[in-house]
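Starting from the structure of chain R, add chain B where the hints point.
What follows is each chain in one-letter form.
There are 2 protein chains.
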Amino acid sequence: MSDFYKDLEGQSKGNQSSLNDALSGLKFNNDGLIPAIAQQHDTGEVLMMAWMNRAAIEETLQTTQVCYWSRSRNNYWRKGESSGNQQKLVSMSTDCDGDTLLLKVNQLGAACHTGRRDCFYNEIKPTGLTISSDPIQDPNQLYSKS
Amino acid sequence: MSDFYKDLEGQSKGNQSSLNDALSGLKFNNDGLIPAIAQQHDTGEVLMMAWMNRAAIEETLQTTQVCYWSRSRNNYWRKGESSGNQQKLVSMSTDCDGDTLLLKVNQLGAACHTGRRDCFYNEIKPTGLTISSDPIQDPNQLYSKS
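These protein sequence lines are chains R and B, in that order.
Heads up, the first sequence is in our numbering, so the first residue is 1 and it goes up one at a time.
Heads up, the second sequence is in our numbering, so the first residue is 1 and it goes up one at a time.
Calculated directly from the structure, the hints in this document are not laboratory data.
Misleading hints may appear alongside valid ones.
Copies of the same chain look alike in the list, so a pair counts if it works inside one copy or between any two.
Claimed, not checked - Cross-link-like lysine to aspartate or glutamate pairs, in silico, EDC-like; alpha carbons within 16 Å at most:
hint: 1; residue 1: Lys104; residue 2: Glu45
hint: 2; residue 1: Lys88; residue 2: Glu58
hint: 3; residue 1: Lys6; residue 2: Asp134
hint: 4; residue 1: Lys13; residue 2: Asp134
hint: 5; residue 1: Lys104; residue 2: Glu123
hint: 6; residue 1: Lys6; residue 2: Asp21
hint: 7; residue 1: Lys13; residue 2: Glu58
hint: 8; residue 1: Lys27; residue 2: Asp97
hint: 9; residue 1: Lys125; residue 2: Asp21
hint: 10; residue 1: Lys125; residue 2: Glu58
hint: 11; residue 1: Lys88; residue 2: Asp42
hint: 12; residue 1: Lys27; residue 2: Asp7
hint: 13; residue 1: Lys88; residue 2: Glu59
hint: 14; residue 1: Lys125; residue 2: Glu59
Just chain R, same shape as in the assembly (with noise of 0.2 Å):
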């Protein structure tokens, strides 16, 4: 079976494929979903992980506004579209397996649910867990403004 992101890994910089076959080489898992990973593209943070389908992943990519697709809620998920809190991308790209995408974008507000900046709040170490930031937004009026 062809691979097409194994097929690309020895070209050089400026190589170009059709959108097409990039889309179609992507490798989805069995529910159809290729996590994505959302980075602010000019401090570098790390705001979020969530997933997306292939019908998301045109529509952000047409629209510029991140779509991604909601596990728990079986359907769409337009960041932003309740809070507020819009992702707006500025690049995307896939990794050396196609099995993973990183969107740098531009976040308004909090990207978390909590209201906190960044969803990476729970900080890890062989002593325990600590929490890390506090909300910049009260979360209670995040989802009140629909």
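Relative to chain R, chain B alone:
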């Protein structure tokens, strides 16, 4: 069913829990794995995404040398064991849902098996895919040391 990480959402910065509670509360998938994002601690580059089981997390915390679980080899994957390009753990955190890890690391040389610094070199735009970086090390030499 109690949800350890949900219960932590409203806690403030500095709140502490035991390591056992933190690891027992993580949401591993049906294969007992959790995705782990590796980020270069000082530059913010997202280097790669791989998977860990609980034992790999514990080993990584104890040794501070990052150990993943290789899904293709079905075995522990001590990063840099054959290539020499080790990842030293600087800090580990998990997200609000307890289903993704973020590892801040110090990566020696190339993180990617293609010899590139990071794995996210396939940039996807509405107009197609472009390879955005070249190897910093010869991949044929990376794995010839063992």
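How the hints compare with the structure:
no.: 1; hint: Lys104 - Glu45; in the structure: both (10 Å within a copy, 11 Å between copies)
no.: 2; hint: Lys88 - Glu58; in the structure: within (14 Å within a copy, 36 Å between copies)
no.: 3; hint: Lys6 - Asp134; in the structure: between (42 Å within a copy, 15 Å between copies)
no.: 4; hint: Lys13 - Asp134; in the structure: between (41 Å within a copy, 6 Å between copies)
no.: 5; hint: Lys104 - Glu123; in the structure: between (23 Å within a copy, 11 Å between copies)
no.: 6; hint: Lys6 - Asp21; in the structure: within (13 Å within a copy, 40 Å between copies)
no.: 7; hint: Lys13 - Glu58; in the structure: neither (24 Å within a copy, 38 Å between copies)
no.: 8; hint: Lys27 - Asp97; in the structure: within (8 Å within a copy, 24 Å between copies)
no.: 9; hint: Lys125 - Asp21; in the structure: between (42 Å within a copy, 12 Å between copies)
no.: 10; hint: Lys125 - Glu58; in the structure: between (39 Å within a copy, 10 Å between copies)
no.: 11; hint: Lys88 - Asp42; in the structure: within (13 Å within a copy, 25 Å between copies)
no.: 12; hint: Lys27 - Asp7; in the structure: within (14 Å within a copy, 34 Å between copies)
no.: 13; hint: Lys88 - Glu59; in the structure: within (12 Å within a copy, 37 Å between copies)
no.: 14; hint: Lys125 - Glu59; in the structure: between (39 Å within a copy, 12 Å between copies)
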